[in-house]
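Once you've looked at the hints, dock chains B and C against the given chain A.
So the chains spell out like this:
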Amino acid sequence: MSDTLIKARGLSVGFKIGSGLFGKSILKAVDNVDIDIEKGSFFGLVGESGSGKTTLGRALLKAVPITGGTASYSDGEVDYDLTTLAGPELKDYRKRAQLIFQDPYAALSPRMTVRDIIAEPLEVMGLTKTREETDARVREIAAKCRLNLEHLRRFPHAFSGGQRQRISIARALVSGPRFIVADESVAALDVSIQADVLNLLKKIQREMKITFLFISHDLSVVAHTCDHLAVMYLGRLVESAPTRTLFAAPRHPYTKALFSAIPSLDPDDRGRAQKLEGEIPSPTNQPPGCKFHTRCPYVIDRCRKDEPKLEHPGDGHEVACHRWRELADAARATA
Amino acid sequence: MLFGRKKAVAAGVDQKAKEAYFTASQGQLIWARFKGNRTAMIAAWALVLMILMGLFAPFLSPYDPTIAGRDENYENGAPQMPKFWDENGFSLRPFIYATERERSIKTNFRWVVTENRDHRLYMRFFVEDWNYKLLGLIPANTHLFGVDEGGKIHLFGTDASGKDIFGRTLHAIWTSLAVGTLGVLISFVLALIIGGVAGYFGGWIDSVLQMITDAIRTVPSIPLFMALAAFMPDHWSSETRFFFISIILGLIGWPTLARRIRTHLLTERTQEYVLAAELSGASAGHIIRRHLLPSFTSYIIVDLMISFPYMVRSETALSFIGLGLKDPVNSLGALMQNVSKADVLLNYQWYFIPVIFFVALVLAFVFVGDGLRDAADPYSDSKK
Amino acid sequence: MTALIEVKNLTIQFRTDEGLVTAVDDVSFSLNKGEVMGLVGESGSGKSVTAKALMHLNARNAVYGANSRIILHSENGPVEVLKLKTARELKIVRGGAISMIFQEPMASFAPAITIGDQMVEQLMLHSDMGKAKAKALSVEMLDRVGISDPAKRFGQYAFELSGGMRQRAMIAMALSTKPKLLIADEPTTALDVTIQAQVIDLMKDLVSEFHMGIVFITHDLGVIAQTADKVSVMYLGRLIEEGPVREVIRNPKHPYTQGLLAALPKLENLDAPLTPVAGDIPSPLERPTGCVFHTRCPKVVGDQCKTRLPEHVQVDSTHRVACHIHTAEVPA
Numbered sequence: 001m002s003d004t005l006i007k008a009r010g011l012s013v014g015f016k017i018g019s020g021l022f023g024k025s026i027l028k029a030v031d032n033v034d035i036d037i038e039k040g041s042f043f044g045l046v047g048e049s050g051s052g053k054t055t056l057g058r059a060l061l062k063a064v065p066i067t068g069g070t071a072s073y074s075d076g077e078v079d080y081d082l083t084t085l086a087g088p089e090l091k092d093y094r095k096r097a098q099l100i101f102q103d104p105y106a107a108l109s110p111r112m113t114v115r116d117i118i119a120e121p122l123e124v125m126g127l128t129k130t131r132e133e134t135d136a137r138v139r140e141i142a143a144k145c146r147l148n149l150e151h152l153r154r155f156p157h158a159f160s161g162g163q164r165q166r167i168s169i170a171r172a173l174v175s176g177p178r179f180i181v182a183d184e185s186v187a188a189l190d191v192s193i194q195a196d197v198l199n200l201l202k203k204i205q206r207e208m209k210i211t212f213l214f215i216s217h218d219l220s221v222v223a224h225t226c227d228h229l230a231v232m233y234l235g236r237l238v239e240s241a242p243t244r245t246l247f248a249a250p251r252h253p254y255t256k257a258l259f260s261a262i263p264s265l266d267p268d269d270r271g272r273a274q275k276l277e278g279e280i281p282s283p284t285n286q287p288p289g290c291k292f293h294t295r296c297p298y299v300i301d302r303c304r305k306d307e308p309k310l311e312h313p314g315d316g317h318e319v320a321c322h323r324w325r326e327l328a329d330a331a332r333a334t335a
Numbered sequence: 001m002l003f004g005r006k007k008a009v010a011a012g013v014d015q016k017a018k019e020a021y022f023t024a025s026q027g028q029l030i031w032a033r034f035k036g037n038r039t040a041m042i043a044a045w046a047l048v049l050m051i052l053m054g055l056f057a058p059f060l061s062p063y064d065p066t067i068a069g070r071d072e073n074y075e076n077g078a079p080q081m082p083k084f085w086d087e088n089g090f091s092l093r094p095f096i097y098a099t100e101r102e103r104s105i106k107t108n109f110r111w112v113v114t115e116n117r118d119h120r121l122y123m124r125f126f127v128e129d130w131n132y133k134l135l136g137l138i139p140a141n142t143h144l145f146g147v148d149e150g151g152k153i154h155l156f157g158t159d160a161s162g163k164d165i166f167g168r169t170l171h172a173i174w175t176s177l178a179v180g181t182l183g184v185l186i187s188f189v190l191a192l193i194i195g196g197v198a199g200y201f202g203g204w205i206d207s208v209l210q211m212i213t214d215a216i217r218t219v220p221s222i223p224l225f226m227a228l229a230a231f232m233p234d235h236w237s238s239e240t241r242f243f244f245i246s247i248i249l250g251l252i253g254w255p256t257l258a259r260r261i262r263t264h265l266l267t268e269r270t271q272e273y274v275l276a277a278e279l280s281g282a283s284a285g286h287i288i289r290r291h292l293l294p295s296f297t298s299y300i301i302v303d304l305m306i307s308f309p310y311m312v313r314s315e316t317a318l319s320f321i322g323l324g325l326k327d328p329v330n331s332l333g334a335l336m337q338n339v340s341k342a343d344v345l346l347n348y349q350w351y352f353i354p355v356i357f358f359v360a361l362v363l364a365f366v367f368v369g370d371g372l373r374d375a376a377d378p379y380s381d382s383k384k
Numbered sequence: 001m002t003a004l005i006e007v008k009n010l011t012i013q014f015r016t017d018e019g020l021v022t023a024v025d026d027v028s029f030s031l032n033k034g035e036v037m038g039l040v041g042e043s044g045s046g047k048s049v050t051a052k053a054l055m056h057l058n059a060r061n062a063v064y065g066a067n068s069r070i071i072l073h074s075e076n077g078p079v080e081v082l083k084l085k086t087a088r089e090l091k092i093v094r095g096g097a098i099s100m101i102f103q104e105p106m107a108s109f110a111p112a113i114t115i116g117d118q119m120v121e122q123l124m125l126h127s128d129m130g131k132a133k134a135k136a137l138s139v140e141m142l143d144r145v146g147i148s149d150p151a152k153r154f155g156q157y158a159f160e161l162s163g164g165m166r167q168r169a170m171i172a173m174a175l176s177t178k179p180k181l182l183i184a185d186e187p188t189t190a191l192d193v194t195i196q197a198q199v200i201d202l203m204k205d206l207v208s209e210f211h212m213g214i215v216f217i218t219h220d221l222g223v224i225a226q227t228a229d230k231v232s233v234m235y236l237g238r239l240i241e242e243g244p245v246r247e248v249i250r251n252p253k254h255p256y257t258q259g260l261l262a263a264l265p266k267l268e269n270l271d272a273p274l275t276p277v278a279g280d281i282p283s284p285l286e287r288p289t290g291c292v293f294h295t296r297c298p299k300v301v302g303d304q305c306k307t308r309l310p311e312h313v314q315v316d317s318t319h320r321v322a323c324h325i326h327t328a329e330v331p332a
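Protein chains in written order, with our numbering: chain A, 1 to 335; chain B, 1 to 384; chain C, 1 to 332.
So that you can see chain A by itself, here it is in the shape it has in the complex:
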């Protein structure tokens, strides 16, 4: 497909752990992931803690080294191989791909004014020649993120969580990126503020034609914002489909359990949900076979030995499970 912005095949990221002379081992945070992010889409990446979703996002930004597989970026102007990107090309990629953080308190330097924070990428990348040009650009972006232009002289301590997150967004936008990774960007915000930031991100995506990779643990948030969803479990991609398809008929037992674990707002709908036993295994001590088999209610012997591959059935709804066809048929029969 020509309009795929990010394409990864067999992408892996491993970290050396147990530094020192003894006991060096590799922790595979992301293992053999295939992912296609379409240009202009709002791509959601869901998973619990330890699923590798943050690492995957950072690998695509070249913030952590890719240790295996291929990954490429292609926006129509440039084509980059993300595994080998370096030097001036990497500098150029930094302009095109940006990150928005989770914690609006840690992500802003307390020693710089809002203007300086937003202007920093412009200055280090040499995107603007004069101070006037920088100021004009900062004002333009700040206005887009609904920041009060009179507040640009202030320091971050003057702002509330929602406002700080808008400053973070403005900094990410200022270099004119084509691709933005938003890592749990609303998780630290209060509910009444969260919707505001989500709407802002959607508006930016539409108006500026930016592709988003939206990483979150909160299914109801991603369901509302993303066009396409990918679910990760212990470093593997277990299911990937357009949001509506995925919500209408999840194929992987983990996705199903994830959906039913969301506390329903209906007080009469208590305890009906299917509950998962146990917890996500430690990434340093992964089970053999399907990584989900230790908690899966439909586990069979094969799951304990063979690891299922991500299947592409042709309808755009990819899943990595040995029994998904069987389970889908059974679900249809009972319905």
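Keep in mind that the hints were calculated from the coordinates and are not lab data.
Note that the Cβ used here is the ideal one computed from N, Cα and C, for glycine as well.
Some clues are possibly wrong.
[Stated by the list, open to error] With a straight-line cut-off of 20 angstroms between C-alpha atoms, the simulated EDC-like cross-links for lysine to aspartate or glutamate are:
{"#": "1", "chain 1": "A", "residue 1": "Lys91", "chain 2": "B", "residue 2": "Glu278"}
{"#": "2", "chain 1": "A", "residue 1": "Lys275", "chain 2": "C", "residue 2": "Asp205"}
{"#": "3", "chain 1": "C", "residue 1": "Lys91", "chain 2": "C", "residue 2": "Glu121"}
{"#": "4", "chain 1": "A", "residue 1": "Lys62", "chain 2": "B", "residue 2": "Glu272"}
{"#": "5", "chain 1": "B", "residue 1": "Lys35", "chain 2": "B", "residue 2": "Asp374"}
{"#": "6", "chain 1": "C", "residue 1": "Lys266", "chain 2": "A", "residue 2": "Glu184"}
{"#": "7", "chain 1": "C", "residue 1": "Lys266", "chain 2": "A", "residue 2": "Asp218"}
{"#": "8", "chain 1": "C", "residue 1": "Lys266", "chain 2": "A", "residue 2": "Asp269"}
{"#": "9", "chain 1": "C", "residue 1": "Lys204", "chain 2": "A", "residue 2": "Asp266"}
{"#": "10", "chain 1": "C", "residue 1": "Lys152", "chain 2": "A", "residue 2": "Glu279"}
{"#": "11", "chain 1": "A", "residue 1": "Lys256", "chain 2": "C", "residue 2": "Glu268"}
{"#": "12", "chain 1": "A", "residue 1": "Lys95", "chain 2": "B", "residue 2": "Glu278"}
{"#": "13", "chain 1": "C", "residue 1": "Lys204", "chain 2": "A", "residue 2": "Asp268"}
{"#": "14", "chain 1": "C", "residue 1": "Lys178", "chain 2": "C", "residue 2": "Asp117"}
[Stated by the list, open to error] Pair ranges (Cβ atoms, derived):
{"#": "15", "chain 1": "C", "residue 1": "Tyr157", "chain 2": "A", "residue 2": "Lys309", "range": "33 to 41 angstroms"}
{"#": "16", "chain 1": "B", "residue 1": "Thr23", "chain 2": "A", "residue 2": "Gly176", "range": "24 to 32 angstroms"}
{"#": "17", "chain 1": "B", "residue 1": "Val359", "chain 2": "A", "residue 2": "Asp135", "range": "48 to 56 angstroms"}
{"#": "18", "chain 1": "A", "residue 1": "Asp135", "chain 2": "C", "residue 2": "Phe159", "range": "46 to 54 angstroms"}
{"#": "19", "chain 1": "C", "residue 1": "Phe159", "chain 2": "A", "residue 2": "Glu311", "range": "33 to 41 angstroms"}
{"#": "20", "chain 1": "C", "residue 1": "Ala59", "chain 2": "B", "residue 2": "Trp31", "range": "23 to 31 angstroms"}
{"#": "21", "chain 1": "A", "residue 1": "Arg270", "chain 2": "C", "residue 2": "Tyr157", "range": "34 to 42 angstroms"}
Chains B and C in isolation, oriented as in the chain A frame:
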């Protein structure tokens, strides 16, 4: 919590003050918080006063604090307080009495000093006496005060050889501060380089530097001092000794500071805003200059303030046990050494006056350091 | 049903360098035995401060209002919690009649003492149990909260357990003294959703088994809907709406509660636009006059919202709301 509190500062004041608060830099916020700490502010004023006293010691002391300025007629003399009146009437100019010294059969052939209450010596200001160089540069011979011809004024009394303790104390403050400054500077430069390299590069460089740091920290200081004292030749001038001691204090003082700088760098490097700058394509130089250095200047200042009294104390301790500066030199430690005689405790209590200054100096540094630390450390006010 | 704890006109201010900061303002509620009350609010709403007041656990710079009363009805008659002074007196509430569990279980276990030793120590402090008996009960409690191999976990340290296990161990410790009231301060917020579902289930089971009252503090209305019998909604230290959970969630009366529910992304209708509550939460020292919510309220009815504090109005026998829209409807 913190945010609520910080914002709280702005409550109930007009918009202008609020805007000033919102646009206040970290330094301004720290200063604002420091100003609110009364103990620290009093200590800061006391410290400034003592530093000025040290700086202008020659101008403030009426007599040369070395043996050249001794008062042969007033050895082990008690402090003389200027008076405005006595039984002979009132005077607008403060005065002291002339003293007379005699030795006779009546006094068991010991020198006895008596005041002649009928002979007033009036205080005079901006008198010309011994020559000195102001701030080490400008030759001068004017002193703040003195008395009429025919006697001398000793506010804090004199020691066994008749040297003015007031002048000695002021000069001693200066010596101790200078040793401290030199020592702190040496250890600070070493700490910044070693801690900075270890913290920024990490990895095996860090491991090796940590080992060296730990090795130095394990050297016990008292035996080291004694070995050094044995090494110091007797014929060294007081200036050489002075530099030698400063360098030693600096050389053994850096590991603690280096460790703190390293830890701070390691934590600051993983901050998300540093990653954000990296992802903007910022170079290592830009990150060090723009983010890392500013992030710990406040900590460095606090650390320097806190290690200063340690240096002053070390110098004093060394001199006190006789391993550092020796008596003709005016250092607080050398002055305190004189106090350790039973004779002094019984008869010449004014020898203790330099001790008061020493305690005040160390306390002032500690309180200012604590105040700065509280003001710079956002976690210190998590009262809620 | 008998009241377990009654809170009357609770006002809490904190003495800070910048003056008194109001955290809780004239809050009253009561909780019956075996009842689960959800306390909902965003940051700065005062929900945690309110809960800590129940155990007289707030920091020294807290100033309680003169009319503030918290009455705990124990077997030995009512206890005025706020009048308790010494550590000995406070033992009645702290770890005795009332237990508390926190968002971050790591913080409530001492890192260098095994989980078992901490449980035994606490039991021996609050009852006249012997060591052997206390140990047996602790292992039983660990088993009861669904910790596998409880005898082995008994000898482990908190850092050796996973997040979900730690939260279970903390619940076991909190319940081992058989408290009358359990305060749960965001107990599931730090957990993954699948683990959160497990812990919610566990807490529901424990309520029916131990028949204690629970004050469940959270910002998540979904968790409230799943656990609570009744809900109190707080905003900037004021209790703005309270009532049975079905009533409040299906038929919210206060514009803030309505806004909060509208701001939640709903899975049933993916097309529904997300509607945030306008503006930001004011800082505690910039408390708005009149109704504390008027700066963000889309339904301001007139000047009285800015100048006058709305009275609590009974919508029906159990549903109360503090909003001028409803005070206006009540005939004078």
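Structure versus earlier hints, numbers of those that do not hold, lowest first: none
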